[in-house]
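Peer 1: When we follow my numbering, the leftmost residue of the sequence shown carries the number 16, and every step to the right adds one.
Hint data in this document are derived by calculation from the structure and do not stem from the laboratory. Where hints are given, some of them may not hold.
Unchecked claim - Now the in silico label distances, taken between C-beta atoms and shown as ranges:
(1) Leu-212 with Leu-173: 43 to 51 Å
(2) Leu-119 with Leu-243: 46 to 54 Å
(3) Arg-108 with Val-238: 46 to 54 Å
(4) Asn-144 with Ile-188: 39 to 47 Å
All C-beta atoms, glycine included, are put in the ideal place defined by N, C-alpha and C.
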Amino acid sequence: MRREARFRQRPARQWKPSSGVARKTVLEHNILCRLGITAQDIPQRHRGIQGRSSAPAAPLRPGCYSRSVTQHVWAVPPVALGLPPVSRAAWRRDVLRAIAEVVLCSGFPTQLAIAAVLSAAGLAALAPNGFPSFTYVVILSFVDAAVLVLLIVRLLHLRGETVRGLLLGRLPIRRETTIGLALTPFFLVAATGGILLIGALAPSLRNVPDNPFAGMLTTPAQVAIFALVAVVAGGLREELQRAFILRRFEQHLGGGWVGLVIFSTAFGLGHALQGWDTAIVTGLLGAAWGAIYLRRRSAVASMVSHAGFNLLQIALAMAAA
16 MRREARFRQR PARQWKPSSG VARKTVLEHN ILCRLGITAQ DIPQRHRGIQ
66 GRSSAPAAPL RPGCYSRSVT QHVWAVPPVA LGLPPVSRAA WRRDVLRAIA
116 EVVLCSGFPT QLAIAAVLSA AGLAALAPNG FPSFTYVVIL SFVDAAVLVL
166 LIVRLLHLRG ETVRGLLLGR LPIRRETTIG LALTPFFLVA ATGGILLIGA
216 LAPSLRNVPD NPFAGMLTTP AQVAIFALVA VVAGGLREEL QRAFILRRFE
266 QHLGGGWVGL VIFSTAFGLG HALQGWDTAI VTGLLGAAWG AIYLRRRSAV
316 ASMVSHAGFN LLQIALAMAA A
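With the hints as constraints, model all of the structure from the sequences given.
Peer 2: Next up, the structure:
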């Protein structure tokens with residue numbers, strides 16, 4: 016409380032952007048300041064302007080206002096506020112740059128490039144028994160996770176953003192971790208029920224009877240390594256990727272919820288190797304984790320829940336085998 020009180024007593028001042036920050040973001044922030052909109056006027060859950068608060072005004076910080084607020088603010092011509100207008104060319108450049116970043120960080124270009132390198136090195140994607148090669152999957156997953164994380168960190172830095180601001184938000188990490196752990200069994204039950212429901216209503220969608228990844232785990236060491244892959248490449252990398260892509264949609268490509276629909280569809284199609292029923296359920300799970308991020312502005316709960324879900328799936332598959 017003392018820290019919050021000291022924070023609120025600081026005088027509001029305009030933010031000076033660092034190198035690489037989009038000009039449109041700077042103008043949005045300065046417009047908010049000139050209109051007298053403070054952090055108390057801007058909810059963190061994308062509900063728009065809900066009235067002024069009687070509490071002392073807190074200084075605005077970049078990223079603390081929602082897209083719905085900036086849409087209201089942009090109804091005021093920048094020229095009327097003494098600010099230069101944003102040209103159509105600059106807007107188009109921001110949109111094209113955001114599209115390029117989304118495609119580059121979608122996972123498909125990086126995985127195709129890494130797969131080509133592994134193939135050139137003589138590493139086959141399939142084992143002699145017809146299941147995916149354990150070594151191939153592990154190398155591809157870890158290398159792709161490392162490349163994507165470094166790529167996202169670099170792209171954030173070029174725009175003056177940080178990984179901490181993207182992932183953690185302003186909510187307590189311990190509480191978000193607890194929420195993620197509590198949601199893990201719920202998602203497992205929902206996914207199992209979804210698979211059973213699809214099998215009852217549309218049996219033709221179950222085109223892969225057995226999970227191909229379960230067939231490549233034959234030793235306890237392989238199970239342990241694959242569990243690490245599920246945490247790093249699944250819970251951490253995929254949720255960082257999801258948060259980054261949703262942020263770009265939120266800023267330049269029509270809104271975070273539009274991005275959630277598009278990326279969840281692509282996320283489900285990326286698991287089509289395990290069957291269309293699994294692809295549908297996985298896409299819905301991705302949409303749920305993305306919705307948690309958009310509502311809470313923190314990816315901690317999604318990361319913990321996603322990693323725990325993957326680990327429980329591996330444990331149940333091994334128990335059934």
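Peer 1: Take the hints in turn and mark each one as holding or not.
Peer 2: Status of the hints after comparison with the structure:
Restraint check, Leu-212 to Leu-173: a C-beta distance of roughly 44 Å satisfies the suggested window 43 to 51 Å. Taking the beta carbon of each, Leu-119 and Leu-243 are about 26 Å apart, not inside 46 to 54 Å as hinted. For Arg-108 and Val-238, the hinted distance range of 46 to 54 Å is satisfied, since their beta carbons lie about 48 Å from each other. Between Asn-144 and Ile-188 the CB atoms are about 43 Å apart, so this pair conforms to the stated range of 39 to 47 Å.
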